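All chains, please: the whole structure from these sequences, using the hints.
2 protein chains.
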Amino acid sequence: MESILSLTGIKERFVQGDSKTSIRPIFESSLMANTAPILHSDYIEKEQYVQNPHLDNMEEDILYHLNLGTKTHNLPAMFGDIKFVCVGGSANRMRSFAQFIHQHLELPGNADDIRDICEGTDRYSMYKVGPVLSISHGMGVPSISIMLHELIKLLYHAHCRDVMLFRIGTSGGIGLPPGTVVITDKVVDSFFRPQFEQVVLGKVITRSTELDKGMAEELLLCSNELSSFPTIIGNTMCTHDFYEGQGRLDGALCSFSIEEKLEYLKKAHEAGIKNIEMESTVFAAMCRVCNLKAAVICVTLLNRLEGDQISTPHDVLVEYQQRPQYLVAHFIKKQLALI
Amino acid sequence: MESILSLTGIKERFVQGDSKTSIRPIFESSLMANTAPILHSDYIEKEQYVQNPHLDNMEEDILYHLNLGTKTHNLPAMFGDIKFVCVGGSANRMRSFAQFIHQHLELPGNADDIRDICEGTDRYSMYKVGPVLSISHGMGVPSISIMLHELIKLLYHAHCRDVMLFRIGTSGGIGLPPGTVVITDKVVDSFFRPQFEQVVLGKVITRSTELDKGMAEELLLCSNELSSFPTIIGNTMCTHDFYEGQGRLDGALCSFSIEEKLEYLKKAHEAGIKNIEMESTVFAAMCRVCNLKAAVICVTLLNRLEGDQISTPHDVLVEYQQRPQYLVAHFIKKQLALI
Numbered sequence: 001m002e003s004i005l006s007l008t009g010i011k012e013r014f015v016q017g018d019s020k021t022s023i024r025p026i027f028e029s030s031l032m033a034n035t036a037p038i039l040h041s042d043y044i045e046k047e048q049y050v051q052n053p054h055l056d057n058m059e060e061d062i063l064y065h066l067n068l069g070t071k072t073h074n075l076p077a078m079f080g081d082i083k084f085v086c087v088g089g090s091a092n093r094m095r096s097f098a099q100f101i102h103q104h105l106e107l108p109g110n111a112d113d114i115r116d117i118c119e120g121t122d123r124y125s126m127y128k129v130g131p132v133l134s135i136s137h138g139m140g141v142p143s144i145s146i147m148l149h150e151l152i153k154l155l156y157h158a159h160c161r162d163v164m165l166f167r168i169g170t171s172g173g174i175g176l177p178p179g180t181v182v183i184t185d186k187v188v189d190s191f192f193r194p195q196f197e198q199v200v201l202g203k204v205i206t207r208s209t210e211l212d213k214g215m216a217e218e219l220l221l222c223s224n225e226l227s228s229f230p231t232i233i234g235n236t237m238c239t240h241d242f243y244e245g246q247g248r249l250d251g252a253l254c255s256f257s258i259e260e261k262l263e264y265l266k267k268a269h270e271a272g273i274k275n276i277e278m279e280s281t282v283f284a285a286m287c288r289v290c291n292l293k294a295a296v297i298c299v300t301l302l303n304r305l306e307g308d309q310i311s312t313p314h315d316v317l318v319e320y321q322q323r324p325q326y327l328v329a330h331f332i333k334k335q336l337a338l339i
Numbered sequence: 001m002e003s004i005l006s007l008t009g010i011k012e013r014f015v016q017g018d019s020k021t022s023i024r025p026i027f028e029s030s031l032m033a034n035t036a037p038i039l040h041s042d043y044i045e046k047e048q049y050v051q052n053p054h055l056d057n058m059e060e061d062i063l064y065h066l067n068l069g070t071k072t073h074n075l076p077a078m079f080g081d082i083k084f085v086c087v088g089g090s091a092n093r094m095r096s097f098a099q100f101i102h103q104h105l106e107l108p109g110n111a112d113d114i115r116d117i118c119e120g121t122d123r124y125s126m127y128k129v130g131p132v133l134s135i136s137h138g139m140g141v142p143s144i145s146i147m148l149h150e151l152i153k154l155l156y157h158a159h160c161r162d163v164m165l166f167r168i169g170t171s172g173g174i175g176l177p178p179g180t181v182v183i184t185d186k187v188v189d190s191f192f193r194p195q196f197e198q199v200v201l202g203k204v205i206t207r208s209t210e211l212d213k214g215m216a217e218e219l220l221l222c223s224n225e226l227s228s229f230p231t232i233i234g235n236t237m238c239t240h241d242f243y244e245g246q247g248r249l250d251g252a253l254c255s256f257s258i259e260e261k262l263e264y265l266k267k268a269h270e271a272g273i274k275n276i277e278m279e280s281t282v283f284a285a286m287c288r289v290c291n292l293k294a295a296v297i298c299v300t301l302l303n304r305l306e307g308d309q310i311s312t313p314h315d316v317l318v319e320y321q322q323r324p325q326y327l328v329a330h331f332i333k334k335q336l337a338l339i
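Protein sequences appear in the order of chains A and B. Under the UniProt record's numbering, residues 1 to 339 are what the first sequence spells out, in order. Under the UniProt record's numbering, residues 1 to 339 are what the second sequence spells out, in order.
In short, the hints are calculated from the structure, not lab data. Check the hints yourself; a few may be wrong.
When chains are identical, the list treats them as one kind, so a pair holds in a single copy or across two.
Claimed, not checked - Quick list of in silico lysine to any residue cross-link-like pairs, SDA-like style, CA-CA up to 25 Å:
(1) LYS266 - LEU55
(2) LYS334 - LEU262
(3) LYS203 - PHE256
(4) LYS334 - LEU226
(5) LYS334 - PRO230
(6) LYS334 - SER208
(7) LYS334 - THR70
(8) LYS128 - ASN92
For clarity, every value in this text was computed on a predicted model and none was experimentally measured.
This is how it looks when you write it as structure tokens:
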């Protein structure tokens, strides 16, 4: 297989010391439309993750919710070799994923000894194993958004290049057997639109939620090679609420009938939506604006056309949750030419 | 002082066994306008926390993210005596709060021995000390919303009555010295409107975010009695993003100038907004619809007119974060006639 890493079109590598000169002028159009960064150079076309001209005027940058900072930590030494970042809601799951990757890449040392880099805070957990960073992001768009802002600044301060991001998570499926893995084609909002609305200074800005198609196709190929569980590419709906927002009948509040619920879910199904989760719009939008290749891989825990409650036995749920992990681990091994 | 508990107007207590007959018809108008529940009885005016006619048709209710359920746990025995529920973002902080309340109420046993009732999941942490429940909710509206749905169902299944809810948290202040405690008068959104927009089956429903004025005034009185730190009543803005959404210049993305940021914050200040956080719109809206008396008490960690980064020393931040806890502990002691 041809490595995706070789397809990024980067002719020269970023020089660590030149971060002061690397910021290009920021226009809202580039934040919205993800215009490819073009520098004033005939030879260097480089990635520029952060999109903020103010950062280079700061003497210190405290990544408050990660409990890291540019004066208190040597971020290039700690994180400079990162090539893959995997994010997921649960801290325990992201620790397990880091241990799994440690074993899978046959890294030296004991996988049980990896420590939480964010251990001074309980907002997020972060583990590093070789070139892979595994971070939890909690539940919902605001929670993952805080983590992504600080992660992207971390990658910038650490002078990371050619980084790929993966969201591995759980979801409710629409018309799929539980346990199916959905690799996201388009992320859509509650109105089935492929966009993310961000309020900035009291004004609504709309951003595209397009993900990297090459990564999605490569991940599907990985699943075919593993042939261990059903995997499809489809659209993913991201909502801001688990109960009313996803048409569940079992919340503390519910004002609609089962027929109205099913009508909504069937409309979603007709729009190509295969699963529903709560973080992928802002994940896709921020990665796109920040020139980070990204993919969303979520397993379905139930078929929402058949019910709302997650009553599958715990051990089956645990196995389901490992499926996106297997897929991403296989992808990473191929990227690193270890297979 | 006259106890607020005596002001609820409840003439007869809810009979535990009659939950099957207690659901009144649900109309969207009652969900939106929080119409007081009137039963077909001349004598009983009772609280009805859940607003969902489907719940009583369910054989089992699995509170998935709390790792509790009606078949696996005896919820009335575990939680039936709850009178005060305190929620906050950080799991560690809510554990500390539970230990603090344990000491403050002089309950028997060792405060260090209290265990996380949700220990089978890392989504939320929950501690019970006497009549007080302390729960973490993570960051952002979607995260607290999931917890509130399951908490309110828990209170319903456990046949709790006369429960008061408190959100104790951290926030950015506007024009206040760091460390000031803000008891929320009105919760407003990013457009300074006292409302919460909830998407239900692809349609936007608007709910009031009015909180209990009696609790706010009583909490201010408690602060006067303690006279340990500055406390005010003011409006609180709730945003869905910590960086761009709160006008910060130090995120991974920023497309506005310091002048534009200050213009927005000054407009907020003119609208009576004293602090900014990320959960209170949905907290106020859900409590109001579900007939739960509620208050929001947040300490300010910085003055946003002077900066964006939280660079205050750790020990000072820890002391600031204890201030809302002291206030609520004092309030609870007064309610229990322990002072």
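Going back to the hint list, which numbers does this structure go against?
2, 6, 7
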